[in-house]
Amino acid sequence: MSTEAFTPAKKSLLDRLPVSSHIRRSVGLQRTMLLIGVVLCAVFLVAAIFAPLLAPYGYSQISDDAGTFPAQAAPGGKHPWGTTVGGYDVLSRVIWGSQTAATVIVVAVLMAIFIGVFLGLVSGYFGGWLDRILVVVADAIYAFPTLLLAIVVSIAINKGQSGFWGGILACGFAITAVFVPQYFRVIRAETIRLKAEPFVESAQVVGASSARIIGRHIFANATRTLPLIFTLNASEAILTLAGLGFLGFGIEPSSAAEWGFDLNKAMSDASSGIWWTGVFPGAAIVLTVLGLTLVGESMNDLNDPRLRGRRRAGSKRKGTEVKNQTEVSA
Amino acid sequence: MTTLIDTPPPTVAAPKSKSAGGGLGKYILVRFLLIFPTIFILVTLVFFLMRITGDPITAAQGGRLPQEQIDALVHQAGYDRPLFIQYLEYLGQIATGNFGRTISDGRPVIEMLAKFGAATLELAINSLVVALLVGIPLGMFAAHKRDKVPDALLRFFAILCYATPVFFAGLLLKLTFSVGLGWFPVAGRASTTTELAMSRLSAPTGIYWLDALRSNDLAAFGDIVHHAVLPAIALGLLTAGVFLRLVRTNVIGTLGKDYVEAGRSRGVSEYRLVTKHAYKPALIPIITVMGLQIALLLGGAVLTETTFEWKGLGYQLAQYLTARDFVAVQGIVMLLAVIVAVTNFVVDILAALIDPRVRY
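Note that the protein sequences, when read in sequence, are chains A and B. Heads up, the first sequence stops at 1143 in my numbering, and the numbers go up one at a time, no gaps. Heads up, the second sequence stops at 877 in my numbering, and the numbers go up one at a time, no gaps.
Hints are computed from structural coordinates only; laboratory data are not their basis. Heads up, a few of these hints could be off.
In silico DSS-like cross-links for lysine-lysine, where the CA-CA straight-line distance does not exceed 30 Å [claimed, not checked]: (1) Lys-793(B) - Lys-662(B); (2) Lys-543(B) - Lys-1008(A); (3) Lys-632(B) - Lys-828(B); (4) Lys-1078(A) - Lys-632(B); (5) Lys-665(B) - Lys-797(B); (6) Lys-774(B) - Lys-665(B); (7) Lys-662(B) - Lys-543(B); (8) Lys-828(B) - Lys-662(B); (9) Lys-1078(A) - Lys-828(B).
If we strip away everything but chain A, and leave its shape as in the complex, we get (with noise of 0.2 Å):
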């Protein structure tokens, strides 16, 4: 055991995965919470890559071939989630809810992290002027409550409610304007950090070019925590968005299912007692966003040594074993 742990294997390309390598290197609870998370965002994945051949109607369907869909129809029978009040599948909105919500994650999170990595590396290696006007921008954006500007920017650019391109840009956009500033911070800290490192001085005295130093040796060296941002900025665009929709600053319910409009919808419901038009987008959010947050969470640990379990050496010497590891993370 010992002699291995010294001796550097050659890893796999599974082995060095953020995620797949996580799961190796976690025990116990950690190890529990993690594959929850990840199962849990496995869901949401099938179900938003597969949406039309999972979902048994469209998610602006209201009738079939046997006529028209009953509205506000209890769940059972042909519709085993119920029906809305305007006639609609909830298990089809859910499932393709799933879809957009999986588009909007990926058209923000992707547009904030180019710019926010770009700002942040350009930023933290010049200094200077653009650097404090930068930091001051950043952070009186990061400061205001993300959801009203993102109100804010979604009304700019749709001018109230579009289709389902022009929604998810829209939003994406909204949310991109929310992250940017995060994204900016860490990468621009990091970025001054490494500007102090050797391996950057030794660069510069070779001759190399800012563009170089920047791309090749501070870019690598100061983007590996963003797997972990993104899994915990995925979650975070997932509730602007619904809460977008919740307000009706979203994407319209004919050209595209979304989960937090929908809520918004059901809250009328609510009053007379229909439970099933809310409660069933509702989890949808909460499960999604729990587990990227499990994931995310797990991987922040994972990352920390002081943070992350160890797996016991023997399992008979239980106790002592427990005792070093506490006074190792305190």
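Starting from the known structure of chain A, arrange chain B on it as the hints suggest.
Just chain B now, with coordinates in the frame of chain A:
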């Protein structure tokens, strides 16, 4: 996270503390001056973003009046002038303390802010109370039972609090406690009679329970509390999860400190160690985080208010946004920006007073 960093030995800190007076003064001044660019940037941002959305006249009359008439009205109101001139004019108005009247319902913006701001403040206070009552004891308990089943369950609970949007929490609470059990009202800040009584008061603060207590109206107070429970829980749980995790991490951090170990070796009970020795220093970071939570609370308030038809700033903001009422939206955003900027300032100063290492 800061508590995980080891405290520097006192010998290192000593020379710094001598010059702390001047350093602190300068730090406070710099932080104070930073409030203004923050507000300025947000106000500018919202000004231009709102102008992109169109104008309030088209939003209200679009389709109902012929285009020429709309154009004439837009011209009369000055919305067709160059943006930059409108912007300078707007800055000039703010500088002289003139926030104008809302376009959609013609109220003075200041009056609107005072009325609805009080409602939002009430909601924020209520939910902060819920968050502290739930978050701190549970966090201490989780730290006490570290890595055991209760701790795992509480951590899960904290993540669940974060993962549940306030409007969904509100929906579940409504379904269970209003519709199902009939314990609490479905929506609103107070019943109609109480609302009337509140509007008749001579010098109201606008915070209903405070007004009811001041006028010794116990029936109204009961009614107000009755209405306040569900919204406060819905919004409070969101923050409670954050507090729970923070208290847990920090109590675990302080439980490992030498002075706690010394207490333990003297035979102080584990319960007393958590509640007396370890928990007070662990509360310091909460002050900082509470400041950050204000922004979260204000954002959550928009959703909570819409869920429970709580007529506060957030509820109104959604209405004004739909009506493209620039003046009202800018007024609300301005107020929120001021609140956020001032809170962050106060929090930073508190943090600097408590921990000299923060100053720079």
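Taking the hints in turn, this is what the structure says about them:
1. A C-alpha spacing of about 16 Å is found between Lys-793(B) and Lys-662(B), which places the hinted pair at or below 30 Å, so the restraint holds.
2. Annotation: proposed proximity of Lys-543(B) to Lys-1008(A) holds, straight-line Cα distance about 28 Å (limit 30 Å).
3. Taking the CA atoms of Lys-632(B) and Lys-828(B), the gap is about 9 Å. The hint holds against a cut of 30 Å.
4. Restraint check: the Cα-Cα separation between Lys-1078(A) and Lys-632(B) comes to about 28 Å, which is no more than 30 Å; the hinted pair holds.
5. Under the criterion of a C-alpha separation no larger than 30 Å, the hint pairing Lys-665(B) with Lys-797(B) is consistent with the structure, at around 23 Å.
6. Of the pairs offered as hints, the one joining Lys-774(B) and Lys-665(B) holds, with about 21 Å between alpha carbons and a cut-off of 30 Å not exceeded.
7. In summary, the hint linking Lys-662(B) to Lys-543(B) is not supported, as the alpha carbons are separated by about 44 Å, beyond the 30 Å threshold.
8. The straight-line distance between the Cα atoms of Lys-828(B) and Lys-662(B) is roughly 42 Å, outside the 30 Å bound, and the hint therefore fails.
9. Of the supplied pair hints, the one linking Lys-1078(A) and Lys-828(B) holds, its CA atoms being roughly 19 Å apart against a limit of 30 Å.
In terms of the numbered hints stated before, the structure departs from hints 7 and 8, listed from lowest to highest.
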